[in-house]
Amino acid sequence: MLVIEKGRGLLAYNARASEILNLNSEVHYQFFDESEGWYSFQIDGTPLPQEHYPFVMTMHTGKAYRDVRMGVRRPDGKRLWLTVNSQMITLENKPYVLCTFWDESEKTEKDLLDQYQQNLFSNAIIHNTTLGIAFVSPEGHWLEVNHALCLMLGYSREELLELTFQDITFIEDLDLDLSYVEQMLAGDMSNYQLEKRYVHKDGSIIWALLSVNLIRNDDQSPKFFVSRVVNISEQKKLMRTLEDQNQVLNESRRELQKKLSQLLEFNQMLAHHLRGPASSIKQITELLDIVEQPEQQEFLPMLDSLANDLLNTLNDLQATIHLQTFPEKQIVDCYFKDILTKAKETLSPQIQARNVQIIEELKVANVRVSNHYLEEIVVQLMDNAIKFSRPGVPPVITIRTYKNKEGKVVLTLEDNGLGMDLAQYGNQVFRYKKRFHGNFEGSGIGLFKVKNQIEAMGGTIQLQSKVGQGSLFIISMYDLLV
Amino acid sequence: MSTLAIIDDDKLLHRATELLLRKVSPDTTILHYYSGLEALEYLQGDPPEEPDIILLDLNMPIMDGWQFLDALVDDPRFETKSWKIYICSSSMDPRDIQKANDYEQVYGYLGKPITRANLKSVMENI
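If you read the protein sequences in the order shown, they are chains A and B. If you use my numbering, the first sequence corresponds to residues 1 to 482, in order. If you use my numbering, the second sequence corresponds to residues 1 to 126, in order.
Just chain B, same shape as in the assembly (with noise of 0.2 Å):
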C-alpha cells in the first residue's frame, strides 16, 4: 500500500495518472488537491494518511509550485518527512529544472504529458 498525492490545477493530469495508476500499481492511494495552498493546509494539518510521493506540478494559481516548496523549507515540521516529491510540468525551461533541482526536497524531475513507464519508475522507487 502506498500513497501518492497529486498537486497540479491541470484536471486532466489527476484523470491521467488515475487511469495510469490502474494498470501500474492499482492499490496506491491518491489524494487529490488544485493548489499548492490546498495541499500545504492538508499536510500541516497533521493528517492520518501522509503521501510517499507527491507528483507537483509548477505553473499553478493561488499558490505555484515554487511557493509551495517554499512554505514546505520555511516549516520545521516538514524537516523529517521522507516524501518523495517530483516536479511534474510541462515546462522544458532548464532554469526551472536547475531551479528544481536547487531544492533539497525535490527527488526528480518529470515532464508532461506523465507515461505509464514514468510512472513504473516512480512507483518501483518509494
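Chain A with its partners taken away, still in its complex shape (with noise of 0.2 Å):
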C-alpha cells in the first residue's frame, strides 16, 4: 500500500510494499522515475508510459482503477508483475491516491509461458505443417486456408478464398463429399472422414484423406466447417503399384498352379507307365537268375512288349512335353467355319459310313490360337463323338460358339452317344491312358492331348455326361496375343 501525494510524489508505505519493491528512505521522491533506474511495461513487453500509470491517472482524473496490471523492473533489476488498484482518499480535508498492490509476478510469468507455448503450438498446427487446414463456409467457399492447403492445390490463399471446395474436387468424388456434406448439416453426422481427389492447379490429381468438422453458432446454425487434409497421393501410387504387382504375382501364381498340376501328371505317367514296365523289366532279370534255361525262355516275348511299353510311353511323354510350346506363326485368326470343314473332310469316311448329322451353332466366328492345335482338337473329340456313338442310335453332333461372361470364346461339342458315369471316371477322362470303352480301339491318350493342347493355350476343357445320354464338351479359350 502506498500513499502519494498531488505534486510531491510517494508520502507513505507500508512494509509489504517496501518489501515488494525494495524502497529505502532516500528513493521517495524518485519513485519509479526512470533516470533512477525504474521501468514499466505492459503485459505484451511493450514500454508503459508514466502518464498510464494507474495512481498516475487516478492523480490527474480523480478515478479509481482496478486490477490493473503491469509490469515493473525495480533499479536492481528484479521482473515483477503487480495487480494494482488505485483510488482518491481524502485526509485531513486534502486530497491523497491511494495505491495498492499485489505481487503476482509468479502466477504472471507462468500464463505469458502457457500463452507462448499455445502460440507456438498453433503456429505448428496451422503454419508450419503439411497438413492442409481449412475453414469451409456452409456452402463451400474457403473462409480460411493455411499455407499447407495452398502448396497441397497450387493456389495462393487469395485465388483460393475466390473459389468452392465444390471447384476443386475431382468431379467423380463431388457427390458423396456433398452428401456427407448435407448429412452433417442435417445433423446426422457430427464428423466425417473420407478419401477423396482434388484438382490441382495445374490439372494433376491429388489424393486426399480429408477429416471435417462442423462448427455451429450458439443457436446451432451452421457456422463453419473445420477440414484437415492430408496428402496420401504419394500413398495411392505405391498402392496402386503394389496393386499391380500383386496382380501380376497373382497370375504367376495361376500360371505355376497350372504347371504344377501338369508336372503332377507328368509325375503320374512316369509312376504308372515308366515306372510299372521297368520294375516288370527289374522283375525278369531278377526271376531268370533263379530259374532254369527252359523257363527262361517264357520271358523273354514278355521283354520285347514291355520295351515296346516303354519306348512308346516316352515317345508320347515327349510328345506332350513338347505340345506345351508351339510356335508363334500358329497363331492366326481361326475361323470355326473352315476348321470344321476340314474336320469333316478328314472323318468323312466315318461320318458317311455312320450317316452322322453335324448341326453348326456358331455365334462366334473365330477365336485367335494355334489353328493346328484347334483342327485336331476338333477332329480327335468328333471322331470320339463317332467312334462312341450308340449303336443303332444315328450320330448327332452339335457344335456351338459363344462368348462367356468373361469375355472368353466358348467351343461346346454335344452327341448323343454313349457317355460316360463321372461320378465314377470324373476326374479321370483326360489322363494319360485311360481308356472307359473296353471293347473299342483307342490309344488312350487323345482326350489327353485335346487338354494338353487346350491348356498350352491357355484354355480349358471340362466334359458333362451321362450314360446313355450322350457327352457335352465344353471348351473355353481367350485370342492370344503375338
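Please keep in mind that the hints were generated in silico from the structure rather than gathered at the bench. Treat the hints with care, as some may be off.
Claimed, not checked - Below, in silico cross-link-like pairs of lysine-lysine (BS3-like), each with a Cα-Cα straight-line distance of 25 Å or less:
(1) LYS282(A) - LYS23(B)
(2) LYS405(A) - LYS337(A)
(3) LYS405(A) - LYS342(A)
(4) LYS282(A) - LYS11(B)
If you follow the hints, you should be able to join the two separate chains into one complex; please do so.
Here it is, written out as C-alpha cells:
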C-alpha cells in the first residue's frame, strides 16, 4: 500500500510495499522514475508510459482503477508483475492517491509462458505443417486456409478464397462429399472422413484424406466446417504399384499352379507307365537268376513287349512336353467354319459310314489361337463322338460357339452317344492312357492330348456326360496375343 | 502250410511270386486274383481257404487297391480277420505310401519288383 501526494510524490508506504518494491528512504520522491532505474511495461512487453500508471491517472482524473496489471523492473533489475488498484482518498481535507497492489509475478510469468507455448503450438499446427487446414462455409467457400493447403493444391491463399471446394474437387468424388456435407448440415453426423481427389491448379490429381467437423453457432445453426486435409497421393501411388505387382504375382501364381498340376500329371505318367514296365523288366532279370534254362524262354516275349511299352510311353511323354510350346506363326484368326469343314473332310469316311448329322450354331465366328491345335482338337472330339456313338442310334453332333460372361470364346461339342459315368470316372477322363469303353480301339491318349493342347493355349476343357444320353465338351479360350 | 493271395492285374507278378515262393516257401498255397473285385467276391463267399498273406496292387482296372481296402473297411465280417496285407506296387509316390499307412488293415508296403529277400521276410513273418 502506498499513499501518494499530488505534486510531491510518495508520501507513505507499508512494510509489505517496501518489501515488494525494495524501497529505502532515499527513493521516496524519485519513485518509479526512469532516471533512477525504474522501468514499467505492459503485458505484451511494450513500455508503459508514466502517464498511464494507474495512480498517475487517478491523480490526474480523480477516477479509481481496479486490477490493472503492470510490469515493473526495479533499479536492482528484478522484474515484477503487479496487480494495482488506485483511488482518491481524503486525509485531513487534503486529496491523496491510495494505491494498493499485489505481487503476482510468479503466476503471471507462468501465464505468459503458457501463452507463448500456445502461440507456438497453434503456429505449428496452422502454419508449419504439411496438414492442410481450412475453414469452409456451409456453402463450400474457403473462408480461411493454411499454407500447407495452398501448397498442396497449387493455389495462393487469395486465389483459394475466391473458390469453393466444389470447384476443385475431382468430379467423380463430388457427389459423395456433398452427400456427407448434407448429412452433417442436417445433423445426422458430427464429423466425417473420406478419401477423395482434388484437382491441383496444374490439372494433376491430388489424393487426399479429408476429415471434416462442423462448428455450430449458439443457436445451433451451422457456422463453418473445419477441414483437415492430408495429401496421400504418394501412398496411393505406392498402393497402385503394389496392386499392379500383386496382380502380376497372382497371374504368375495361377500359371505356376497350372504348370504344377501338369507336372503332377507327368509324374503320374512316369509312376504308372514308366516305372511299371521298368520294374517289370527288373522283375524278370531277378527271376532269370533263379529259374532254369527252359523256363527262361517264357520271359523273352514279355521283355520285348515291355521294352515296346516303355518306348511308346517315352514317345508320348516327349510329344506331350513338345505340345506345351508351339510356334507363334501358328497363332492366327481361326474361323470355326473353316476348321469344321476341314474336320469333316478328314473324318468323311466315318461320317458317311455312320450317317452322322452335324449341326452348327456359331455365334462367334473366330478365335485367335493355334489353328493347328484347334483343328486337331475338333477332329479328335468329333472322332470320339462318332466312335462312342450308341449302336443303332444315328449320331448327331451339335457344335456351338459363343462368348461367355468373362469374354472368353466358348466352343462346345455335344453328342448323343454312349456317354460315361462321371461320378465314377470324372477326374480321370483326361488322364493318360485311361480307357473307358473296353470294347473300342483307342490309344487312350486322345483326350489327354486335347487337354494338353487346350491348356498350352491358356484355355480350359470340361465334360458333362450321362450314360446312355451323350457327352458335352465345353472348351473356353481367349484370343492369344503374339 | 500257409496261404498267400495275389491281387494284381499284372500277370508277371503272379508268375514271379510263384517262382520265388518255390525257392523261399515251397509248400505255400497261392490264390490268384486279377482285380480287387474278384478277390473281394471270393473272400465274401466265406471260403474254406483263407489267405494268411495278401499281396495287393494299387493300380488295377474295375476295382483298384484303394477301393478293395475301402470295401474291407466297410464290411463288418472282415473285422476279425488277421490277414497281413502288403501293398505291392511300383508306385513309390510318398502320398501313396502315406495313404496306405493310414489303413489299419495294411501291414506293410512292398515295392516292385518283388525280390526273393522281400518275399522271404514276408513269409517268415506270418
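Comparing the hints with the structure gives:
1. Restraint check for LYS282(A) and LYS23(B): the C-alpha separation of about 18 Å stays at or below 25 Å, so the hint holds.
2. A C-alpha spacing of about 23 Å is found between LYS405(A) and LYS337(A), which places the hinted pair at or below 25 Å, so the restraint holds.
3. For the suggested pair LYS405(A) and LYS342(A), the alpha carbons sit about 29 Å apart, so the restraint of at most 25 Å is broken.
4. Taking the CA atoms of LYS282(A) and LYS11(B), the gap is near 15 Å; set against the 25 Å cutoff, the hint holds.
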